[in-house]
Amino acid sequence: MQFHFEKTLEKRYEPQVTVTNETPAWLMICLAESIKDWIGQSPRIFCKSEEPYLQFGYEVLTFPVAEFAQIFGPLIYAINQAWPVQVFGMGSQDELVELSFTKEGTAPTIQQKNVSGIPCAELRDLYFCVKFPDPLAADCMFRLLDAVEKKSAAVALEWEYADFLEQQRLARIDRTLSYCYVSLEEEESADPVGWLSGLTLQQKCELWRMFLGKRLFLPEFEWLRDAMLQGAVPNWIEWHLALYRVLEEENIRFFCKDGQFELLDKEGHRIYFGVDHSEAAEQVLMKVLFPLNQ
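The numbering of the sequence shown is numbering that gives the first Met the number 0, which starts it at 0 and goes up by one.
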């Protein structure tokens, strides 16, 4: 975004943090989490389809510019080396002020750009605009920051984001899975059951649809069965709701008479399962449809 600023004011600052050698995507996640803790509120996040921009902002009564620079300046500077970052706040008399972070030699420097040329010690509100290489990258970061805002432990993303996630070292790409899974916890668990918390209701519907319609036995149902046996399924109710939604949308009916169970597709053909229901997806299906059975 281009603005008409007549004055640029520069001042050196002493960083309070050291930025590790992480990818810009992970640094953005760290930035969003850190600012949320510092301000005490969640951001409003906006990403317009087919545009390479991500915007997020906070409504705050006031924040000290010097402290903001010391804590977040190094992070913003590091991200800006890959993706242009613009930071804005409101000064006195409702004057728009842009903050940017540079280095003079090795000395970290904060710049304030405004019309009046009067430096602001404090600003009101805080707004970020980040430009990405393409709209897909912007949309992926929107999904990730939205998950951070919701305090999700993980997020499941479609395969169209795989290249970006791999470049940013955010996900181990496993083509046997239905989605790309990103852990948002500091220490990633080796237990795949944790990935289940990253699935949305719509994604759970799609997993049921692939099982019932295409007879695909997906690894996610193995995780789900293991979590079910442990009594630790995250958002277990959503799996129930997702199944019944798919049954209704696909016009699949099930009958239970004289101890016999039948599942019929929309054309009235029986959907067959193994007699012993040995597959994880079959076991989960039976548990949802007949919750009182052991």
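Errors might be hidden in some of the hints.
To be verified - Computed spacing ranges between beta-carbons, pair by pair:
1) E49 to P83: 34 to 44 Å
2) I236 to K102: 27 to 37 Å
3) P218 to L60: 43 to 53 Å
Unchecked claim - Here are the simulated lysine-lysine pairs, PhoX-like style, with alpha carbons at most 20 Å apart:
4) K112 to K47
5) K112 to K102
6) K6 to K130
Simulated from the structure, these hints should not be mistaken for lab results.
Ideal placement from N, C-alpha and C gives every residue a C-beta, glycine not left out.
Tested hints:
Checked against the hint of 34 to 44 Å, the C-beta distance between E49 and P83 comes to roughly 19 Å, which is inconsistent with it. The hinted range of 27 to 37 Å is not satisfied by I236 and K102, whose Cβ atoms lie roughly 51 Å apart. For the pair P218 and L60, the supplied restraint of 43 to 53 Å holds, since their beta-carbon distance comes to about 49 Å. With a C-alpha separation of about 26 Å, the suggested pairing of K112 with K47 is violated against the 20 Å cut-off.
At most 20 Å may separate the alpha-carbon atoms for a hinted pair to count; K112 and K102 meet this at roughly 16 Å. Using a Cα cut-off of 20 Å, the hinted pair K6 and K130 is violated, with the two alpha carbons roughly 24 Å apart.
Of the numbered hints stated above, those contradicted by the structure are hints 1, 2, 4, 6, listed in ascending order.
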